[in-house]
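Q: With the hints as constraints, model all of the structure from the sequences given.
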Amino acid sequence: MNLIIILLSNIIFFILCFYNLPQNTALVIFLGLCLFFLNAFIIVKHNSAQSLLVKSLEQGFLNFIDGDFSASLPQKISHQHKALFNQFNQASEFLRFERQRLYQREMLLDMVINASSVITLLIDHRGKVVFANQQCSSLFNTDSLIGSDFNELTKGLSHEFKQALHIDDDSQGSDSIFTSTDEYGQPQAWHISRSSVRLNLASHTLFLLKPITEQLAKQESNTWKKVIKVLSHELNNSIAPISSMCHSGKLISKKLDEPKLDRVFNSISGRINHLNEFVSGYASFAKLSQPIKAPIEINDLMLHLSELYPFKLDNKLICNTLDLDQSQFEQVLVNLLKNADEADPDSITQVNISEVNANGQKAQFIKIDILDKGLGMSDEVIKHALLPFYSTKHSGTGLGLALCKDIIEAHQGKLLFTNLTPQGFCVSVILPR
Numbered sequence: 033m034n035l036i037i038i039l040l041s042n043i044i045f046f047i048l049c050f051y052n053l054p055q056n057t058a059l060v061i062f063l064g065l066c067l068f069f070l071n072a073f074i075i076v077k078h079n080s081a082q083s084l085l086v087k088s089l090e091q092g093f094l095n096f097i098d099g100d101f102s103a104s105l106p107q108k109i110s111h112q113h114k115a116l117f118n119q120f121n122q123a124s125e126f127l128r129f130e131r132q133r134l135y136q137r138e139m140l141l142d143m144v145i146n147a148s149s150v151i152t153l154l155i156d157h158r159g160k161v162v163f164a165n166q167q168c169s170s171l172f173n174t175d176s177l178i179g180s181d182f183n184e185l186t187k188g189l190s191h192e193f194k195q196a197l198h199i200d201d202d203s204q205g206s207d208s209i210f211t212s213t214d215e216y217g218q219p220q221a222w223h224i225s226r227s228s229v230r231l232n233l234a235s236h237t238l239f240l241l242k243p244i245t246e247q248l249a250k251q252e253s254n255t256w257k258k259v260i261k262v263l264s265h266e267l268n269n270s271i272a273p274i275s276s277m278c279h280s281g282k283l284i285s286k287k288l289d290e291p292k293l294d295r296v297f298n299s300i301s302g303r304i305n306h307l308n309e310f311v312s313g314y315a316s317f318a319k320l321s322q323p324i325k326a327p328i329e330i331n332d333l334m335l336h337l338s339e340l341y342p343f344k345l346d347n348k349l350i351c352n353t354l355d356l357d358q359s360q361f362e363q364v365l366v367n368l369l370k371n372a373d374e375a376d377p378d379s380i381t382q383v384n385i386s387e388v389n390a391n392g393q394k395a396q397f398i399k400i401d402i403l404d405k406g407l408g409m410s411d412e413v414i415k416h417a418l419l420p421f422y423s424t425k426h427s428g429t430g431l432g433l434a435l436c437k438d439i440i441e442a443h444q445g446k447l448l449f450t451n452l453t454p455q456g457f458c459v460s461v462i463l464p465r
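The numbering of the sequence shown is our numbering, which starts it at 33 and goes up by one.
Don't read these hints as lab results, they were simulated from the structure.
By construction, the Cβ of each residue, glycine as well, lies at the ideal position given by its N, Cα and C atoms.
Among the hints, erroneous ones may be present.
[As the list claims (entries may be wrong)] Listed next, the in silico BS3-like pairs over lysine-lysine satisfying Cα-Cα at most 25 Å (straight line):
{"no.": "1", "residue 1": "344", "residue 2": "446"}
{"no.": "2", "residue 1": "399", "residue 2": "437"}
{"no.": "3", "residue 1": "415", "residue 2": "425"}
{"no.": "4", "residue 1": "250", "residue 2": "87"}
{"no.": "5", "residue 1": "287", "residue 2": "370"}
{"no.": "6", "residue 1": "425", "residue 2": "257"}
{"no.": "7", "residue 1": "399", "residue 2": "325"}
{"no.": "8", "residue 1": "344", "residue 2": "257"}
{"no.": "9", "residue 1": "257", "residue 2": "114"}
{"no.": "10", "residue 1": "344", "residue 2": "250"}
[Claimed, not checked] Label pairs and their computed distance ranges (CB to CB):
{"no.": "11", "residue 1": "275", "residue 2": "370", "range": "25 to 31 Å"}
{"no.": "12", "residue 1": "150", "residue 2": "412", "range": "32 to 38 Å"}
{"no.": "13", "residue 1": "312", "residue 2": "416", "range": "19 to 25 Å"}
{"no.": "14", "residue 1": "307", "residue 2": "166", "range": "49 to 55 Å"}
A: Spelled out as structure tokens, the structure:
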């Protein structure tokens, strides 16, 4: 537009000069000066607009480089470049939307990774931690992991962990399973996955560690329950007709007035009833329902249980309310107190309730220790004590401790065994607050 104005004004000036130069020189000079100033004004205005346009675009692209996509160009700067400004503003809006979408996805991914039980650790080529989720804090017992030296962090771990987390070229992209001990000295199985990740043209190592002891225990428990269901079904199918035939035999023996035959059928009936109770006990283990939790007072519960099995309570909790299934938890404590009383009937059982801290934080767990002064258990017995059908008692069914373990784990807790010195045994029930 400015170029057209300058071209037309110059054409008009030359036409006027052609017709008026010989007659009126002063008018031509005046018109020439006016044309000069007009051209200069138009050129200066055009250059100013172009300079403003360039500065606006430059500032807009600098904002893009800085990651600021909120800037947009006002179209009033130049109507001639309206299409260019529209495209720039559309690009800015698109980039702003994409960044917001990526930020939301990163936030969601971060929440998922931190909520996962899988320990996620990313190490760069210098051996520095560049990413660690919240589960890593419990493993390394520290909150400040980013930027830490990986070799320094692993110094406090067990030998098995150090070997599993050792970084070398041959271990990239491999999966393995290893066993270590937890903070209570109990064996803990882990699945570890190593993979090589390339970020920003640099090689990184990604570790994924997943505790699988609980999963293995659940699978084992489910397997036992399936076996028990099958056995219970088959035994019930046999018990029912035998019981019916035994009842008929007793009626016939009474009519025949045969005391010996009556004693035989009574003996058979007694054994059938015992077998029926035996099957019912295992069926209750196989059909254990999920706990229905409600707030209960631990101190009040222990006071109630002391009426069934007397024990000495060493201490009480100040804040003792826990969400538990009272009937199931009572069953656990009754079984454990009964076992302690049978292990040492001459001495009173001791019970200690305490708070357990984790990673230097406030108390997160309640620990109930049931101690007796009996002979304790051998390592072999402790290893198999929680398995169904395993019992060291002559009349034991091997059900009590297995049932206790299932109930405690359904409450996200742990059941631990410890031999005391010089003599005695301790069963610990650990429950989350």
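Q: Compare the structure with each hint and give your call.
A: Each hint tested on the structure:
1. 344 with 446: holds, 23 Å
2. 399 with 437: holds, 15 Å
3. 415 with 425: This hinted pair holds, its Cα atoms lying about 16 Å apart.
4. 250 with 87: violated, 67 Å
5. 287 with 370: violated, 45 Å
6. 425 with 257: Holds - the C-alpha atoms of residue 257 and residue 425 are around 22 Å apart, at most 25 Å.
7. 399 with 325: Holds: residue 399 and residue 325 sit about 18 Å apart, inside 25 Å.
8. 344 with 257: Violated: residue 344 and residue 257 sit about 36 Å apart, past 25 Å.
9. 257 with 114: Outside the cut-off at roughly 75 Å; violated.
10. 344 with 250: Judged against 25 Å, a Cα distance of about 34 Å means the pair is violated.
11. 275 with 370: 25 to 31 Å: Taking Cβ atoms as reference, residue 275 and residue 370 lie about 30 Å apart, which means the hint holds.
12. 150 with 412: 32 to 38 Å: Since residue 150 and residue 412 have Cβ atoms about 34 Å apart, the given range 32 to 38 Å holds.
13. 312 with 416: 19 to 25 Å: holds, 24 Å
14. 307 with 166: 49 to 55 Å: holds, 52 Å
The structure fails to meet hints 4, 5, 8, 9 and 10 from the earlier list, while all remaining hints are met.
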